[in-house]
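Student: For what it's worth, the numbering used here labels the leading residue of the sequence shown as 1022, then goes sequentially.
Hints may be right or wrong, so weigh each one.
To be verified - The calculated label-pair distances, taken between Cβ atoms and stated as ranges, are:
#, residue 1, residue 2, range
1, Ile1519, Ser1361, 36 to 42 Å
2, Gly1105, Gly1300, 24 to 30 Å
3, Arg1308, Pro1220, 45 to 51 Å
4, Gln1144, Asn1076, 31 to 37 Å
No lab work stands behind these hints: they were computed from the structure. Ideal placement from N, C-alpha and C gives every residue a C-beta, glycine not left out.
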Amino acid sequence: MGLLGAGLAAQAQPGTEFGFEFRPAAKVVQGADTLRHAWAGGMNTPQFSNIDLNNDGQSDLFVFERESSRIYTFLNQPGAGGSGRRWVYAPQYASLFPRDLNSWALLRDYDCDGRPDLFTDNQSDVRVFRNVPGPNGLPSFTLASNQIRFTYGTGSANLVVGGYNMPALADVNGDGKLDIVTYDFFGSTVMELYFNTSPGTCGGALTFTQASSYWGMIEACGGCASYRENGQPCVTVPRRPLHTPGHNILLLDLDGDGDQDVIDGLDGCPELVRLLNQGNSQTASFRTAAATASFPAASPVRINTFPAAYSVDVNFDGRADLLAAPNMLDNLADRASLRSNVLQYTNTASSGPPVFSAAGVFLQPDMLDVSEGAAPAFGDLSGDGLPDMLIGNLGDNAGGVYRASLAYYRNVGTRTQPIFSLVTNDYLSIHGLGYEGLKPAIVDLNRDGRPDLAFSGWYAGGNEIFYLLNTAAAGQPAAFNLASINTFKGRGPAGSGILPYARNDKPCFTDVDNDGYVDLLIGTNEVREPGMSLRYFRNRGRGPLDSVFVLADNDFGRIRANGARPFNLSPTVADFDGDGHPDLLTTDNTGILRMFANFRSQSNVFLERTDLLYSSVTAQYEATALGRGFSIHTNLAAADVNGDGAPELFLGLQTGGVLSYATRNRSATGTRTEAARALALSVYPNPAAEAATVETAAPTRISLLDLTGRVLRAAGPAQRRHTLALSGLAPGIYLVRAEGSDGAVAVQRLMVR
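Model the full assembly from the supplied sequences, consistent with the hints where possible.
Tutor: Okay, structure coming up:
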């Protein structure tokens, strides 16, 4: 917790101070479908396990996202009208799990208490957390072993899996204890079997013995679906370059003969291979002649790269189905499409060995998902006074070409009940221009009262900030001409202030200095001037628009992530806590959301707060865990989309989707001083249409702001009575801010009709 967070916590009981909580911001419609998990954040490389999260006796869903090390939790709940069951995204349960999971995380019950325990990677070793009953019987994980060891002959060693291999955890020899099968750490060519030799009928002691260093007498050749038995030559089928030798293993009795068969996925290959065990539960035997890449037979798995199989019940019938999903480290080498790649195969057998029938894509079709690197922005593009939504992405592969695009969702709802309906996945046909990493902003750049479009993008080896001016008349749908596209040219002292910066840099347009002109904040990975920081470019208010921004501070706020310069920094600004002053929020590749309250009043090193996200499960504010890693990007945006007077916070994730957070315990009066109250700010009529009268007890300077903190009407001379012109403003909620000569500030909401 930062210094500011510590101060706030000392003044309020847990859960009573200002913060955020997950809340779906609006309905989202694509075609005829209303997305049930619209704001869950998308999926790229999910790993699946069943667990009862809320102690209601139902099997819920735990999902670990390998690429970003993020956790999703879904509850098994009654369907609409009590008909059937459905999955409901419930992120509050994610805080029950350890936060430092990496590479792989699987839930298996090793101590026979009916509560799945957590097995995960620990720098290539195996770490285990025991699931013990917590408050209200909810899961609670305590470290049982930081490093599983095994014996062999007279020696012992760590059980090393390797960060690129995902092991299988199952009872191999039928003694009721959880054994481990993994490919060897050094070459990933042969499978190794470790029997659980814990005393008693369960495996609670987590003691293991290596039973075989060549399990099944078969060797992977290094190519796709390529194996050999003893003495056979390798016939290597080519796979994609720049991949690890890693394997994902799932053990299942596929033929009903009482022993464990193998479903195997290799990094750099699109298929799952079925290996039937022609031996028995004590001595396995796999034959290349029985290996097949046409699995499941009904519709063989073909996934971009490195598929993994998971045995979980996803259709609520009590029988384990099959899910297949990519398990790659990242998409940097493959540049593949990560849409619709979680495949569901329903087990249609009522008893005996499973029979898998293709049932389509699991969960992803019900989410906002633009492949990877979602970057949302909000503004009225349709001219009807309602905020619409644009979502940029890092890129998507269509027809073998990896490029970025902008998805446009028009708000077809009302001011208080928004509905975002997909109009196009390629707004302005921008995909054809060949950019990557599009991060849009909808902002009035030339102060004509109409929303313009700006976006950063990677093109021809450089990252630039482009802009398009809106040529439509006021109140009409925005009109942009790609032939008139331009770029900003930053200005500053010699050798500094240069735009563009590094790949995937994130711009934020906001009035930093409260002069009525929109300024530019950029989170950058640029290592010069001096490197990796938040840059502040002031709008000088004159001259050509393409060179209006001048460097004011190349390390604005001296923001740091756990003491280090932030990487993949994304900023947004709005009055989140309702005190009439804009707040700065940032994220970076640590996955932590940081709030710098009333940042205009701060100087030099800004004070942060990180315990911002309220969990109804723990009844505490916690730091966010949005995903972490070198290639992880989280893109922030703020907008009041439901007309309640408070901005919602939107987080575009590396996984291609968007999270929506609502403010909690927000109050426009809770932090006012007695001096501010003495101003006796009065605004009438309210609601108003063309103009409003503003009165205060003493002379004040009056300004009008939108809910992101952007100044729409700059402050004039100090006086007790003002007439505030409202013509040209879209209907909605605005903030009237009065500032006295002594610095006292009062704020009141104004509804414009």
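Student: Which hints, by number, does the structure contradict?
Tutor: Hints 2 and 3 not satisfied by this model.
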